Amino acid sequence: MGEIATDSPFGARDHARAMAGTRVEAMPTLPASDAVDLPLGVTADLVIWEETLAAGGYATRRIDRGARLRLTDVRGDAHVSMLVFNADNPVERLNVADTVKVQWNAYLGEGSVVLSDMGRVMLSLLEDTSEGHDAFCGASNRRSNARRYGDGFNHGAHPNARDRFTIALAKHGLGRKDVHPCLNWFKPVHIGVDGSTAVRVGPFSPGRQVTLRAEMNVLLVLASCPHVLDPRPDYALTPVRVTAWRGPPTPSDDAIRNATPEGRRAFLNVEDYYAR
Amino acid sequence: MSQALINLAGEVVCDEIVPARAPWTHVVRAGETLRIIDLEGNQAVDFLVYSVADDAERYSAQDTIAAQQNIYLRVGAVLLSNEGAPMMTLTSTAVAYHDTIGGACSCESNTLRYGHHTKAQHACVDNFLLANADYGRNKRDIVSNVNWFMNVPVEADGALGIVDGISAPGLHLDLRAEMDVVVVVSNCPQINNPCNGFNPTPVRMIIAA
Chain A
1 MGEIATDSPF
11 GARDHARAMA
21 GTRVEAMPTL
31 PASDAVDLPL
41 GVTADLVIWE
51 ETLAAGGYAT
61 RRIDRGARLR
71 LTDVRGDAHV
81 SMLVFNADNP
91 VERLNVADTV
101 KVQWNAYLGE
111 GSVVLSDMGR
121 VMLSLLEDTS
131 EGHDAFCGAS
141 NRRSNARRYG
151 DGFNHGAHPN
161 ARDRFTIALA
171 KHGLGRKDVH
181 PCLNWFKPVH
191 IGVDGSTAVR
201 VGPFSPGRQV
211 TLRAEMNVLL
221 VLASCPHVLD
231 PRPDYALTPV
241 RVTAWRGPPT
251 PSDDAIRNAT
261 PEGRRAFLNV
271 EDYYAR
Chain Z
1 MSQALINLAG
11 EVVCDEIVPA
21 RAPWTHVVRA
31 GETLRIIDLE
41 GNQAVDFLVY
51 SVADDAERYS
61 AQDTIAAQQN
71 IYLRVGAVLL
81 SNEGAPMMTL
91 TSTAVAYHDT
101 IGGACSCESN
111 TLRYGHHTKA
121 QHACVDNFLL
131 ANADYGRNKR
141 DIVSNVNWFM
151 NVPVEADGAL
161 GIVDGISAPG
171 LHLDLRAEMD
181 VVVVVSNCPQ
191 INNPCNGFNP
201 TPVRMIIAA
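Residue numbers (our numbering), protein chains in the order written: chain A, 1 to 276; chain Z, 1 to 209.
For reference, chain A alone in the conformation it holds in the complex (with noise of 0.2 angstroms):
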C-alpha cells in the first residue's frame, strides 16, 4: 500500500480501500454465519458472534435468552475476565458472592451455574474441558499491571482488564461503578485451607473450551488481558477465540437446572421474570 499516495481525499480513499480483505488473527467474523469449526448439529446460519480476540483484546455483546457461548483457548495460554449484565435492565448483575454461595462450592465447572444480584441464573456451564477458573481474583489495574510488566496503561504495550471494561461499558453508556467483580476462566484458582490463593497459568493443551447457556438476555463484557496472578513478567497470553449460536431456552427437565434445589429455584425465579 505504501505505493499509493495519500495527499488528496481520493488518494487516501484509494489508500484506506487497498487494506480491504486483509486477515489477522484477532477479528470478528463477518458475518458470523462464515464461522467454521462449529459443534456437531450447530449449523452456520444459527451462529451469530464470532470473534477472535488477542492479548489485550476486549469486546462486548448481547445475547439473548437460549444462545450458547463458546470460548476457546486456541493456543493454550488463554485467560479472558468477564462481566455479565442482564441486557434489559444492567443494574442487574453478575455477583461472585452469591454464584459460590449459594451452590456451596468455590469452583465453577460442567453443571455450575453464574448468578445475578437477584436471584436468578444468567449462564450455566454446559461443557467445559479445562482445568477451571476463578471467581476471587478479579481483573487486573493500572497499578497491578505496572507492576509486573513496567506499565499498565490502556494505551500502552500491557493494557489491564478494568480500563479494558470501562472502555466497554462506555459504549453502552454504563460506566466505572458498573465494573462489577468479574469471572476469570481458563486460569485455575485454588485455595488453600490456610485461605491461600494458587493459580495455575499453563500453557495448558490448546483448544480447550468452556460453552455457556444463556438464561436470560444478557451483556457480556470481556477482557483479554493476563490473570492478575501470572506471575510472568512478558504479558503472556494467547487468543481466545468467542463463538455464540442461537438455541432454545432450557426446558423443564435440563439437567443442570434440576442438579440442586437452590438451582432449581434460581431457574423457577428467571422464569417469573419473564412471566408476562
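Derived by calculation from the structure, the hints in this document are not laboratory data. As the structure is a computational prediction, the values presented were derived from the model and not from experiment. Possibly wrong hints are sitting among the right ones.
To be verified - Subject to a maximum C-alpha distance of 30 angstroms in a straight line, what follows is the list of computed DSBU-like cross-link-like pairs (lysine-lysine): (1) 177(A) / 139(Z); (2) 139(Z) / 171(A); (3) 119(Z) / 177(A); (4) 119(Z) / 139(Z).
As the list claims (entries may be wrong) - Per the computed footprint, the stretches of chain Z lying under chain A, defined by three or more beta-carbons under 8 angstroms from a beta-carbon of chain A, are: (5) 64-70; (6) 77-90; (7) 97-105; (8) 113-123; (9) 130-142.
We put the beta carbon where it would ideally sit given N, CA and C, even for glycine.
Position chain Z relative to chain A; hints supplied.
Only chain Z this time, still in chain A's reference frame:
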C-alpha cells in the same frame, strides 16, 4: 479507661451502638481508626468502603484477595480499592480471620438458599441500599463486601459455606483509614444460617482521631 477503649489511641470522635439488624454509615478520615466491637459475639458485620473523593472507587474484595493472595483478612491485611489503592488496614483483630467471599445476604439470594418463604425477611443488601441512598448511590454501588466476624471455610474440594463463628462477646477489630472513606455497614439480620448465631445482636462502632 473502659475495656472498649483499650489500646485505642487518639480522641474518640464517634461512639455509637448499631442496633441489631440496622444499617450504619460514617466517614472515617485518613489516619483515623474505626473500632468494631462484637458486643454479644458471633455477629456478622457486612462492610463496604467508598472513597470520599470519588465513590466510584470502592473496596474491592477481588483486588484485596489478589494482592495478599489469600481470601481471609488477618491482622495487617490491607483493604484495596477497585483501582488497587489502600483504603483501610486491619491493624488489630482479636478474631483470627474474617471473610471476603461470602457476600451479603439479600431477599433474592435468600429465596435460593432457603426457599421463597424467606423473601419478605430483612437482609443486608436492603440495609446497604437504604444507607447508600442517602448519598445518591444505588445497587450499582453494591459490590462484594467484607464480613467481619464471619467464618466461611473453603475445603479441599471447594466446598464452602457460612459456618459457626469464631468470635465471642466483646471481641473487637481496628481499622485504620488510609484515605478519607465512607464506611457503610449492615449489622446482619440473617436468621437462616449461623453467621449471627441465629440471633442478630448489636455492635459498637468507635472512631478515634
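To see whether the hints hold, each was checked on the structure:
no., hint, verdict
1, 177(A) / 139(Z), "10 angstroms, holds"
2, 139(Z) / 171(A), "20 angstroms, holds"
3, 119(Z) / 177(A), "27 angstroms, holds"
4, 119(Z) / 139(Z), "18 angstroms, holds"
5, 64-70, "holds (count 5)"
6, 77-90, "holds (count 4)"
7, 97-105, "holds (count 5)"
8, 113-123, "holds (count 3)"
9, 130-142, "holds (count 5)"
Going through the hint list in order, the structure satisfies each hint without exception.
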